[in-house]
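A.B. asks: Here's the letter readout for the chains.
Number of protein chains: 2
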Amino acid sequence: MNQPQFSHSYLYKELKTLSKEINKENNHLKKLIQHPDRLNRFSIRINNFFYDFSKQRIDEYIFKKLIQVAREAKIKNRFLKMASGEIINVTENRAVLHTATRDFTQTPVFLNGEDIKLEINQVNEEIKTFSSKIHQKRIKGYAGKAFTDAVIIGIGGSYLGCEFIFNALKHSIKPIINLHFLPNVDIDNFGQIIKEINPETCLWIVISKSYTTTETMANIEQALLFLKDHHLDPANHLVTVTSKGSPGDDPSNPVLASFHMFDFIGGRYSVTSAVGGVPLSLAFGYDIFIRFLKGCHEMDLHASNAPEEKNIPLISALIGIWNSNFLVYAAQAIIPYCSALSKLAPHIQQLHMESLGKGTTMNGQSTDYKTGVIIFGEPGTNAQHSFFQFAHQGSPFPIEFIGVVNPVYKRNQTTSKGVYNHQELWANMIAQAQALAVGQDDENKAKYFSGNRPSSTILINDLTPESIGMLLSFYEAKTVYEGFVLGINPFDQFGVELGKILASDIRNQIGKKNIDMSYHFDSIDPVAKFYLDTLFKGSL
Amino acid sequence: MNQPQFSHSYLYKELKTLSKEINKENNHLKKLIQHPDRLNRFSIRINNFFYDFSKQRIDEYIFKKLIQVAREAKIKNRFLKMASGEIINVTENRAVLHTATRDFTQTPVFLNGEDIKLEINQVNEEIKTFSSKIHQKRIKGYAGKAFTDAVIIGIGGSYLGCEFIFNALKHSIKPIINLHFLPNVDIDNFGQIIKEINPETCLWIVISKSYTTTETMANIEQALLFLKDHHLDPANHLVTVTSKGSPGDDPSNPVLASFHMFDFIGGRYSVTSAVGGVPLSLAFGYDIFIRFLKGCHEMDLHASNAPEEKNIPLISALIGIWNSNFLVYAAQAIIPYCSALSKLAPHIQQLHMESLGKGTTMNGQSTDYKTGVIIFGEPGTNAQHSFFQFAHQGSPFPIEFIGVVNPVYKRNQTTSKGVYNHQELWANMIAQAQALAVGQDDENKAKYFSGNRPSSTILINDLTPESIGMLLSFYEAKTVYEGFVLGINPFDQFGVELGKILASDIRNQIGKKNIDMSYHFDSIDPVAKFYLDTLFKGSL
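Going down the list, the protein sequences come from chains A and B.
The numbering of the first sequence is the numbering used here, which starts it at 165 and goes up by one.
The numbering of the second sequence is the numbering used here, which starts it at 165 and goes up by one.
Incorrect hints may have been included.
It does not matter which identical chain is meant; a pair holds if it fits inside one copy or across any two.
[As the list claims (entries may be wrong)] Here are the simulated DSS-like cross-link-like pairs (lysine-lysine), alpha carbons at most 27 Å apart as the crow flies:
id : residue 1 : residue 2
1  : 228       : 245
2  : 701       : 574
3  : 693       : 474
4  : 693       : 334
5  : 507       : 359
6  : 693       : 195
7  : 359       : 574
8  : 392       : 297
9  : 574       : 693
10 : 338       : 359
11 : 664       : 194
12 : 309       : 359
13 : 392       : 574
14 : 359       : 334
15 : 664       : 581
16 : 458       : 240
17 : 338       : 392
18 : 338       : 507
19 : 408       : 581
20 : 676       : 574
21 : 701       : 458
22 : 359       : 301
23 : 334       : 507
24 : 574       : 677
It should be emphasised that the hints constitute simulated quantities derived from the structure, not laboratory data.
I would like the entire structure built from these sequences, with the hints used as guidance.
C.D. replies: Below, the structure written as structure tokens:
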């Protein structure tokens, strides 16, 4: 790949100039949005998904230039190459094929001469069979009891997406198997979960591509000891989701079931593979998982096929870059006006920040421009009563609002101040975007609102698996497109390696002392020594 | 108050100059921390609480200047004035006396000639009596069954602190009454909670200072209808925590119990008042609540009495200002290496961002410097597998690590790679701070780490109520001190008003259509009309 450094392009310089223009008082958002065609011009509706970027700080000309950035970087073409199996994750020498996990077309996807969709379908068939046997109580625990709960042992990309989807769907679909998440090596994460489950009716689902992740390995050990303490055979309680040939894929290590994941799907893009497929099919049934995949597929088709100027994730990516590199916002909030989407922000925090928080281009050069921003968020209206003071009067940051047209709970309700709760929720969502944009003059500076604070609003129809699938896939495609424009690799994560290496040195020291309590931490740096001495002393 | 604008002071200008100096390669953190006395010099230990700021990007001279900032602004003196009942929240004409709620000294605190500690103690006595009657099953629900659960109806400061403490303590102390939180006006928040409770054994605790908050009022209505549907008398199931004389304090409105909160305690500082006292005493027992208060008090004494250069919250505040205004970091992460502290970051996000996200000084001038930063966070090691790629190789931001010396779960455990889970957790915490500070050279730019990324580390001994209290009070005092230096009012929140006003206009429109479905939204702006039409149509 020979993409020139983003900041060296003539369009980058032109956008820098345009950003100075848009910063003038005359181009305040309150003026931009007054154009009668504004919403129509700066919004896109596809089936069951609506994206309103009319309150972003752009005008027709900037929009045109941003689209030109996308065209010149040929990012749509690269998206298609990605989906067709090209080795675009060059630093790890891998294809990137999360889209294949939900590709319901008849087109094969070849990798090394083989149609990987056949392999994916086979895993899905295995998930279907296994989950239905669990639901039909044809597979039970060692003590002969049907399963009621499952603990997911997995960290980062091995659980965040699944946790988001599980929480989003459990409002509308009663889980058959309740899911618990054990990502953290913190023993109190384990200690808390075992209070919530019955050992005889609980599955332990280990999700790890490499089956070497330190936290996951440590938690498997605790789970195995726990099963032993309760006289339960792991062969009846343990399920693995891992790469073919990993240490977890050893048939001599008996487990209840084992499912494959693939090296062409990165952790943070893996929720539509067996990583999400196994727990979500157990929780809600395989049919629900497939409906979720269909929603993802619909958005994938849009992301692949819609022209640049009508392409929701692509435009959203361009706006992300405009906001970070040209309007110099350091963060972006995701505020779903929907309790069920409470785990969306933590998932996108990983997806975006791990994909885009890079210091190196695909060409191996240091970046001298912003790659990604800090993502954070809480559901609205909660966030209004938490950090929205800062959003209105502190340092500005863009916000993405998400609204759901139809709530799940529709039984008898009462009104307050003349409106139903769901209407109140929307009144606030609409009002916040407006208030942030227009602001308000006041001689009393404490009641002065500068406004000019940008936001987007996404609407989905409901909390069905299909709608949630579209939302997930929207963010995946947006992240990928943003990486393509920035000229970085959104699929690797070398930045996490240094910490692992240093932790390993410290772990070795601890291990030595565990064997011989007279061991002193004299060979390590005095700060680490201080902390380890405190840990072993057991008090400050 | 006639504090000069912070940015106009000679110290501000001097710190600006010093920040240019510290940005030179020669003052890279990896060099600063090599000084053999570094940890000793830049850390403070008090009883059961340790604060290590040796990996902040400061040197002796900068530290001295920062302390001078605190001295010249007389912030310790103002802290004492606050605690003694002076009307320091001038924009709302109120005293600020959250410290009085946990003041176990014999010193009275006078407000308008009355010792408000008497009133506080009286409320606490009522909480003690009520919670113990509930626990002894002397007070039961309408159907004659003992209570098992309580739903907190309250938003923002009325629940975030309580949610943090409840989650922190429930790892070590089994709740007698399980708490659920209903902050959001989202009807699906309500719909989800009623799946988790038994109506006959559930208390509804309404927490609202004004008893007018829209979300809370709407949720009371749903709760009352729910009780009616289950033929339960609200007089046996409803508890209120509200201001004397508020609409919720009406004796003709029969409730099971009612507790007072005071206008001299702001929402985000209120967890040690009845706002936290009622639910936490119900959950864990009044004795536990008092132990928590004692921890807060201990930190309050330190915050009040320790000299500037030994004062943990004060120094932490100065470092926050140094990082935001001089090193120009836009955000700060809070990373507890402790699952039980998973709700700390959302609470501090409110406490910090609502207190400090201001655009106006106490003198009514617009600020031309940074007031507060974006606060976000997730527990470690989870965060390492989520956004730490960005922390190491993306745009830098300071991190506050929190470690707990002793875990709760201490039963039989097994090792992995030669170490116990809790040791693995600490190995990672130590390694991350080190990796961020020192970085690593590499010819391969993908494996290059610039380092020089600042962090602090806080240690507490355990997850006892006392330790959690110290942690809470540390953040409260830090926030207050930071506001004092910045010359802003950390106790008001006028920035949330504009959104409320605009929401009210939209609500009125919806109300009209609820009454007359032929009503058209023609009198409002076309964007709001589009959203409301979509909402009423029920599909995109």
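A.B. asks: Run the structure past the numbered hints and jot down the numbers of the failing ones, going up.
C.D. replies: The structure conflicts with hint 4 only, although it agrees with all the remaining ones.
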